[in-house]
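S.K.: Following the hints, put chain X in place on chain G, whose structure we already have.
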Amino acid sequence: MREITYVQALNEALREELKRDESVFIAGEDVGLYGGNLGVTKGLFQEFGEKRVKDTPISEGAIVGLAAGAAATGLRPCVEIMYVDFMGLCLEQILNQTSKLRYMFGGKMKLPLVIRTQGGAGFSAAAHHSQSLEAFFTHIPGLKVVMPSTPYDAKGLLKSSIRDDNPVIFIEHKFLTDFRGPVPDDDYTLPLGEAEIKREGKNVTIITWSYMVHVALEAAERLAGEGIEAEVIDVRTLKPLDEETVVGSVEKTGKAVILHEACRTSGFGAEVSALIADKAFDYLDGPVKRVTAPDTPVPFSPVLERAFMPKPEDVIRACQEIM
Amino acid sequence: MTAQIERDKYLDMYRTMVRIRGFESNVERLFAEGKIPGFVHLYIGEEAIATGVCAALREDDYITSTHRGHGHCVAKGGRLGEMFAEIYGKRTGYCKGKGGSMHIAAVEKGILGANGIVGGGLTLANGAAFSARYRGTDQVVACFFGDGATNNATFHEGVNLAALWNLPVIFVCENNQYGMSVPQKHHQKIVDVSVRAQAYGIPGVTIDGNDVIKVYETAMEAISRARRGDGPTLMECKTYRHKGHFQGDPDVYRDKEEVRKWITERDPIRRFREFLLRSKISSENDLETIDREVEGEISEAIRFAEESPLPAPEEALEDVYA
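Protein chains in written order, with this note's numbering: chain G, 1 to 323; chain X, 1 to 322.
Just chain G, with the same shape it has in the complex:
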C-alpha cells in the first residue's frame, strides 16, 4: 500500500468529502489560497473555488457560529480553528450553542459540523500554541471528540466525522504533520467510538491517543526486550469512548497504564481510570497508573518542553512499577 503523510491523508479526506457532498464546505483562517496553517487544505481552494473553501477574518467566534447556523439550516460545515489553544476565543459558540442547540430544541434540528484543530506540543511554540485540551471538550454533552494518531486513522475518521450528524471536535497533532503511513486509495471510513489495539500484549495495557500512541509503541518495543509484553490501545475517539476494548484488554492483562500529553489534573486519563475502577476492578492486579504532563503551562525552551512531554522512559517506569 502507498504511504502518505498525516497531512496528506487529512487533505485527501477533505477533497473526497467536498467532491462527494455538495453541502460540505470549509471555512477558517488561511484555509484558502494559503492552504491552511499546516497545509491540510492545500489545493482545495484552487479545485473547489471560493464558494466551498472560505477564508475568514481572524474571528474564531464568527467561524464556529457560522458553522452552527449553517449546519442548523442544511449544510455540513468543516471549519478550522488553527490551534486548539484558540478555542478559548470561540468557546461560547462551542459550549453554549453548537453542543446544546439540538438538545435544547427538543431534538428538532441536527448540527452536522466538524471543527478541525491542531493540538499538542513539540515545536517550542510555548503555552499559546501547544496545549492538549481534549478533556475540556469531552466534558460538554453533545460533542464528539476525535484524535487520530496515524494517516490511515486520520483520513478514515475525518471522513466519518464529516458524515456524522453531530458536532465533532477533531484534534490533529502538529507533531504528526509529516508522519507517514499506509493509506489505501479507495474510499473508506472508520467508525467513531471504536478503539484500535495498535499492539497486542498480555502483561500490561497502555491506553492512549494521538501522538502519545507512538510514545507508547516505542515504550512497548523496549519493554518487550525485558520480557514485558505491553498491549497498546489507541482509543482514537475519546467521546464516544470504546469502553469495551479498554475493559476487555484490562481483563486480559490485569494491569493498566494511561498515557496522555495533557496535564494531569482532570485530564481524560482520570476518566479512563474511573472507567477501569468501575468496570474492570476485579481484573486488576495492581494500581492504575497515569503518565501525563505535569500541571504546568507548556514551556518554550526545548529542554523544558522535553521535560514537560511524557517520554517512553516514563511509560516504561510506570509499567515496571506495577509488574
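Simulated from the structure, these hints should not be mistaken for lab results. Take these hints with a grain of salt, some might be off.
[Claimed, not checked] List of simulated lysine-lysine pairs, BS3-like, C-alpha gap at most 25 angstroms:
id	chain 1	residue 1	chain 2	residue 2
1	G	Lys-51	G	Lys-110
2	G	Lys-159	G	Lys-198
3	G	Lys-110	G	Lys-159
4	X	Lys-109	G	Lys-110
5	G	Lys-108	X	Lys-109
6	G	Lys-279	G	Lys-198
As the structure is a computational prediction, the values presented were derived from the model and not from experiment.
M.R.: Only chain X this time, still in chain G's reference frame:
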C-alpha cells in the same frame, strides 16, 4: 401598497401585537401563580419591533432571537399552544420541555431559537444567511439582540463577517436602554448603536422602535437590500421594556417617572390603535373583535398547555446526539 393590502397588513400587525401582549400578560400572571418554573423575561412594551420586522419577512425567512424571545416567536408564526406548553415544561412544548422560556425554537417556521446567551444569535444568523445563499435561495435572516449585546465580541465578529461577505442578514438592535440593570449611558459611550454600522461599512439607522409602521417600513427596505445581495443593515429600534429585566426583578434602577412616561405616553399598541382609528383604517368594533379573538386563542393555548402531559423522567436522556 393598495389600500386593501395595507389595511389587511396593518390589521395583521395589530393582531400580532395584541397576541404578544396577551401572551406575555398571561405568562406574567401564570408565573406569579407559581405555574411556570424557572424565570421569564417579558417583551411587554417592545411588541412593535418583532411585529414590524416579522411582518416584512417571508414565511421561509429565518430569525434568531434573544432570552426575551416570546415576542419574536409569536410574530414569526410560532403556535401559542406549543409555546405555553414549553414554558410550562410539558412534553408537547416546542422543545419537549428541554428548552423552556429562553430557548424556544421552531425550525419549521424559520425560528432558529431564542438564546440564553446575550449576543448568542449573531453569529448563528450569519450561518443561516450563508447557508441560504450557498443553497441558492433568496431567504434572509432577521437577527434580534439588545443594546447590551453590542458590546460583546459576537456582535463585532458577526457584523464584520456579514458585512464582508454581504450576507443577507438584518441586524435588529432592540435598544430598550438597559442591559439588565445598567442604563445604556453606563455601558457604552455612544448614544445611537447604529453608528457602529459605519465601522463595518454597512448602513445603520436608528428609528422609533415603538412605531410599528416605521419598524415595518425600515425592515422592508433592509430586507429587500439583503435579498438582492447587497448585504446587511444595522437597524436600531429605540424602545423600553415596561417590566423589570425578568419577572421578580425589584426594578430599583429605573426612575419611576421615566417608566410611567413610557408606559402611558409611548405604549406601542395604544399608539398603533389610535393611528388605525384616526386614519379610519379600522373601526373600534373591528379592533375589539380582534382583541376578543386573541383572548380566546390564548385561553385555548393555556388550556392545551395545562392539559398536556409532563415528560417522562427518562426523556432527559434523549436528543443529546442525532
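S.K.: Hint numbers the structure violates, sorted upward?
M.R.: none
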